[in-house]
Amino acid sequence: MKRRQLMRWGCACFSLAASSAIASEWKAPTRFGRPESSSEEGGLWAIMDDEERKLRRSPFRLREDALSNYLNGIVCKLGGEHCKDVRVYAVRAPYFNANMAPNGMMQVWSGLLLRVENEAQLAAVLGHELGHYLQRHSLAQLRDAKSRAAIGQVMGMFGAAGALGQLAMLAGQFSYSRDQEREADEIGIQLMREAGYDPKEASKVWANLLEELRAIPENDPSKNSVLFASHPPSEDRRKTLEALALGSQGDFGTRPFREKVSPHLTMMLEDELARGRLSESIVLLTRLIGHEPSSPHYLHFRGEAYRLRNHEGDGAAALSDLTAAVQMPKVLPKTYRSLGYLHRAQGNLVPMAQAWDKYIELMPNANDIALIQQYLKEIK
Amino acid sequence: MKIEVLVLGLAVTLLAGCAQVSKVQTGDIPIRDRLIVTVEQPWNRFENPINGDRTPTWTNDGITVDALKFYVGLKDGELIAPTPTEPKGQTPLAFKSTMPTEGVVELFRTLYSRDGSTFTLEKVTPTRFLGQSGFRFEWSGVRKADEVLLRGVAWGAVHNGQLYAITYTAPRLTFFPRGINAVEKLVATAKLRQ
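Heads up: the sequence lines are chains A and B, in that order.
To convert, note that position 11 of the first sequence is 11 in the working numbering; the numbers rise steadily by one, no gaps.
To convert, note that position 175 of the second sequence is 175 in the working numbering; the numbers rise steadily by one, no gaps.
These are computed hints drawn from the structure, not numbers from a lab.
C-beta: ideal position from N, C-alpha, C; glycine also.
Do not rely on the hints blindly, as some may be mistaken.
According to the in silico footprint, chain B covers these stretches of chain A (three or more CB under 8 Å from chain B) [claimed, not checked]:
1) 55-66
2) 82-95
3) 341-348
Okay, the calculated beta carbon distance ranges per label pair [claimed, not checked]:
4) 52(B) / 291(A): 36 to 44 Å
5) 133(B) / 346(A): 17 to 25 Å
6) 362(A) / 20(B): 29 to 37 Å
7) 357(A) / 125(B): 15 to 23 Å
8) 25(B) / 211(A): 55 to 63 Å
9) 328(A) / 20(B): 31 to 39 Å
10) 149(B) / 362(A): 26 to 34 Å
11) 54(B) / 350(A): 39 to 47 Å
12) 69(A) / 192(B): 55 to 63 Å
Within a straight-line C-alpha distance of at most 16 Å, the following computed EDC-like cross-link-like pairs (lysine to aspartate or glutamate) qualify [as the list claims (entries may be wrong)]:
13) 334(A) / 147(B)
14) 204(A) / 251(A)
15) 54(A) / 122(B)
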């Protein structure tokens, strides 16, 4: 209840406070040296160093160099000389989140990479996190916190890879203040502008995420998103970000973003559906299809989401998507399998057999061939 | 790795609070009055697992290490596991009497991966189970909570519109290879109670 009241109060004064800051130009601090190990900050760094060692070994870390170098490159564009102190790790986690620890460890979750549409939107989130880092907000929070569990809670803000499941709960209990969020927003926009990105993309990130979370009936996004638990969203915030970006122009970076992320797209989309939040996934995929209507990946996975959700009308929607996907030049072989499953459920045995014959032709050693062949045998 | 498993096991045991564990004797053992398996070696029966999941569960080394679960006669609309209250928007994992094999596999995929754990389907094949046509699938994955690499196998069949399934999961490197032969033998004895 207290947090809700605080959020309402924060929303009320956010626009005024933010608009007053637009005119003033923020100056980045010089590089941070490693703090004394006996100091409060040194203790926090030591804990985060330990978490970073675990993260480096984590099976959830995406180790591909091209992606890591790309993400580090964006941070270098944004962070200037601080680039040397930041290490970016892509993490396989199907939720929208990025975070940065005071020792320079930054995590970018695959669910974020799936949701942003271009490099500028990704830079908006990374710039925001850099803003927290450059202003040393986590240390300020630690000093403000009175409870003995403060360090544990601060750790929760950074979501050690092995404890992602607990992150939402911890972030809900202990998050950056509204003023700190506003400051990080302003810094993020400035870093985007200086790096040549179009700052107007920042507000779209929040608008897109809100749209997705609104797919759940009676949903309060501030409670049900890992990121929103620590970064409260509001229509005011979107408008403020728009105001901060007013009159600015810059690059979107759509092409390099897609090139670097596309090798991971199938994995990210499979993980997205495996969350079991199909209504949200359908909203997300509909948006992505709007930007790339000829992507067989997006059509396949939205078709799958409809097929698995199986609400009234979903069968027809799934059939439409999967049929469209198999017309694409780079159709996924498993789209034929899904189409066969769908036809079988709808009692259309001839197109079912045709789809599965194609699947067997393309994937003769697939892990479910025996099941498909059994189904085909049954109709003969 | 083993230490992490043991620590997690201890934590879950403490969280479970009043959960009871009893010994499963050898011989013919009825489960939910409708399924019988013949047990050759003793197991531990976990009476009241955490998170409201009342699926009969047996284990040798603790349910976060190895877990043998029995889904007995789930009717149309019945859940294979409770839906977490938070976050909202999770699709309830409800069995449907018309559900084909791939639908049942998807239920278990979502069950194992909805917390961010990974699930890779290794193989799904038709097989005999409970003396009738059924299915068997194998999977591997990494559990999010402790990053333990797991293997799993499941056998199932839909009988009179109701789902019967036995699943076994254990850490991939030591526990799964150690336990799978006994589980295979036990599953081969499973039959419906007359």
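Evaluated hints:
1. 55-66: Holds, because 3 residues of the segment 55-66 of chain A bring their Cβ atoms closer than 8 Å to Cβ atoms of chain B.
2. 82-95: holds (count 4)
3. 341-348: It holds: at least three residues are needed, and the segment 341-348 of chain A offers 3 whose Cβ sits within less than 8 Å of chain B.
4. 52(B) / 291(A): 36 to 44 Å: Distance hint for residue 52(B), residue 291(A) holds at roughly 41 Å.
5. 133(B) / 346(A): 17 to 25 Å: holds, 22 Å
6. 362(A) / 20(B): 29 to 37 Å: violated, 51 Å
7. 357(A) / 125(B): 15 to 23 Å: The hint (15 to 23 Å, Cβ to Cβ) holds, given that residue 357(A) and residue 125(B) are roughly 20 Å apart.
8. 25(B) / 211(A): 55 to 63 Å: At roughly 57 Å between Cβ atoms, residue 211(A) and residue 25(B) fall inside 55 to 63 Å, so the hint holds.
9. 328(A) / 20(B): 31 to 39 Å: The hinted range 31 to 39 Å is violated for residue 328(A) and residue 20(B), with Cβ atoms some 55 Å apart.
10. 149(B) / 362(A): 26 to 34 Å: Between residue 149(B) and residue 362(A), where Cβ atoms are some 30 Å apart, the hint holds.
11. 54(B) / 350(A): 39 to 47 Å: holds, 44 Å
12. 69(A) / 192(B): 55 to 63 Å: Since residue 69(A) and residue 192(B) have Cβ atoms about 58 Å apart, the given range 55 to 63 Å holds.
13. 334(A) / 147(B): The hint is violated at about 28 Å.
14. 204(A) / 251(A): Answer holds: residue 204(A) to residue 251(A) is near 15 Å, not above 16 Å.
15. 54(A) / 122(B): With Cα atoms ~28 Å apart, residue 54(A) and residue 122(B) exceed 16 Å; violated.
In summary, the numbered hints that this structure violates are 6, 9, 13, 15.
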